[in-house]
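Novice: Line order of the protein sequences matches chains S and R.
Residue 251 is where the first sequence ends in this note's numbering, and the numbering goes up by one at each step.
Residue 160 is where the second sequence ends in this note's numbering, and the numbering goes up by one at each step.
If you are wondering where the hints come from, they were derived from the structure by calculation, not from laboratory data.
Hints are not guaranteed to be accurate.
Example chain S residues on the side facing chain R (calculated, C-beta under 10 Å, incomplete) [as the list claims (entries may be wrong)]:
{"#": "1", "residue": "Ser59"}
{"#": "2", "residue": "Val67"}
{"#": "3", "residue": "Ala78"}
{"#": "4", "residue": "Ser82"}
{"#": "5", "residue": "Arg84"}
{"#": "6", "residue": "Leu133"}
{"#": "7", "residue": "Asp169"}
{"#": "8", "residue": "Met182"}
{"#": "9", "residue": "Cys199"}
Nothing here was measured: the structure is a model prediction, and the numbers come from that model.
For each residue, glycine too, the CB sits at the ideal point set by N, CA and C.
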Amino acid sequence: MDPIRSDCRPNGIHWDDQPISAPPLGAPVPEVVPIGDGALPRLASGTCPSMKSLLFETGKVLIVGLVVAWLANRMSPRGLHLGRDYFSDPRLRVVSPESGGTESPATQGDAAEASHRVSEITSDQALEFFRESRRRPGEVIFVDARKESSFLEGHVPDAYPLDRFYPDTSLPAVVMAGGTAEVVVVYCAGGTCEDSHYAALQLLEAGLQESRVRVYAGGFNDWTAQHRPVERGVRGSGLITDPLP
Amino acid sequence: MNPFSLGLPNGSPRSVIRWVVRLILGLCFVSLGLNKAWHPADFLKAIHQYGWLEGSVSLTWIAAWLPWFEVFCGLLLLVRIWARGSALVVFGMLLVFSAMILHRALRIQETSGIAFSQIRFDCGCGTGEVLVWRKLLENAVLAVLAATVFLRRF
Chain S
7 MDPIRSDCRP NGIHWDDQPI SAPPLGAPVP EVVPIGDGAL PRLASGTCPS
57 MKSLLFETGK VLIVGLVVAW LANRMSPRGL HLGRDYFSDP RLRVVSPESG
107 GTESPATQGD AAEASHRVSE ITSDQALEFF RESRRRPGEV IFVDARKESS
157 FLEGHVPDAY PLDRFYPDTS LPAVVMAGGT AEVVVVYCAG GTCEDSHYAA
207 LQLLEAGLQE SRVRVYAGGF NDWTAQHRPV ERGVRGSGLI TDPLP
Chain R
7 MNPFSLGLPN GSPRSVIRWV VRLILGLCFV SLGLNKAWHP ADFLKAIHQY
57 GWLEGSVSLT WIAAWLPWFE VFCGLLLLVR IWARGSALVV FGMLLVFSAM
107 ILHRALRIQE TSGIAFSQIR FDCGCGTGEV LVWRKLLENA VLAVLAATVF
157 LRRF
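Could you build the full structure based on these sequences and the hints that come with them?
Specialist: See the structure below:
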């Protein structure tokens with residue numbers, strides 16, 4: 007142990023529960039210069055070793071901490087893909103019903119690189135598609151792009167879950183169902199939520215046709231505000247509240 | 007230091023105070039860090055709302071690493087290994103977080119005209135939607151506690 011590490015205090019008081027060890031026999035005893043009333047003395051010949059040890063310790067925390075954090079994210083089943091920017095994808099263009107069919111970029115990406123286009127639908131159109139899905143199961147499907155816990159709390163009846171951050175588990179089932187469906191309606195919470203657009207992009211990149219994929223921009227908030235049917239629990243649980251009149 | 011003591015107090019009032027301070031700081035950072043680490047996508051969305059580091063993967067790195075880094079620092083404080091270094095890092099993080107929260111709150115106040123005391127949003131702190139002034143006060147208290155650890159004022 008550094009004999010003068012205990013806060014450079016000359017009077018033997020130390021803060022760290024550790025006795026100040028005596029310097030080895032024959033070693034020079036460092037001169038201590040008090041500052042002011044002696045509360046913060048430091049070595050005459052340089053920086054207080056306590057400050058040095060603090061900075062050294064901070065460096066160790068930063069380096070080891072970042073390595074630990076990198077490993078933990080890598081090992082976590084919910085870890086993020088470090089090479090991916092989840093909020094900027096220039097491949098998607100959105101066609102909004104309010105804009106009269108004109109396109110607007112979903113993100114800040116370069117418009118020239120856009121390779122996919124997705125159409126938004128209104129609340130009434132979403133309801134029509136839902137009625138259609140009741141009449142012709144499998145022909146019209148709904149995809150819930152919110153996180154799993156929100157999905158379990160309530161979703162559009164028979165909607166498929168698709169968390170865009172963790173698509174590996176749910177994307178294959180949605181692509182399989184969407185491959186035979188005429189219309190695939192994707193929604194998230196609504197408002198400023200962008201997850202439905204990115205989930206739609208994942209479906210398009212998995213091979214679904216642009217003309218079949220629609221985004222319900224009002225989302226689940228609009229759906230519940232209109233007192234429409236909600237299914238709780240897993241898909242197909244049958245726990246449906248607020249059935250359509 | 008006895009490697010098996012894990013920073014438990016030795017009975018003196020000072021050691022008890024230090025232990026309590028490290029316990030509060032450590033538990034705060036471990037619990038909030040774990041909450042974020044278990045929902046990194048929510049954390050990513052929350053920090054995306056600040057509008058910083060757009061159009062790069064830096065935001066993803068922060069969302070992926072910061073929660074685990076907070077857990078790591080919290081654990082170091084709890085077991086008193088590199089505790090002063092951890093406290094200094096925690097202090098720095100709290101300053102940066104608070105500055106970001108304050109900046110965003112002032113921007114909201116400017117655009118919406120809502121009274122500062124009423125502004126609330128999900129700051130990405132692992133506690134969901136919070137009143138901003140309360141969060142800033144909480145951060146200030148934690149920063150003072152962290153400062154007492156790395157400055158060894160108790």
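Novice: Next, verify each hint and record whether it holds.
Specialist: A quick look at each hint next to the structure:
Given hint, Ser59 of chain S at the interface with chain R, holds; its Cβ is 8 Å from that chain's nearest Cβ, closer than 10 Å. With 10 Å as the threshold, the beta carbon of Val67 of chain S comes within range of chain R, its nearest partner Cβ sitting at about 4 Å, so the hint holds. For Ala78 of chain S, the suggested interface contact is upheld, since its CB lies about 4 Å from the closest CB of chain R, less than 10 Å. Interface restraint check: Ser82 of chain S against chain R, minimum CB-CB distance 7 Å, threshold 10 Å, status holds.
Among the interface hints, the one on Arg84 of chain S holds; its C-beta lies about 6 Å from the nearest C-beta in chain R, closer than the 10 Å criterion. Checking Leu133 of chain S against chain R: minimum C-beta separation of about 28 Å lies over 10 Å; hint violated. Of the supplied interface hints, the one on Asp169 of chain S holds, with its beta-carbon coming within about 7 Å of a beta-carbon of chain R, less than 10 Å. Checking Met182 of chain S against chain R: minimum C-beta separation of about 24 Å lies over 10 Å; hint violated.
At about 9 Å, the closest approach between the beta carbon of Cys199 of chain S and any beta carbon in chain R falls short of 10 Å, and the interface hint on this residue holds.
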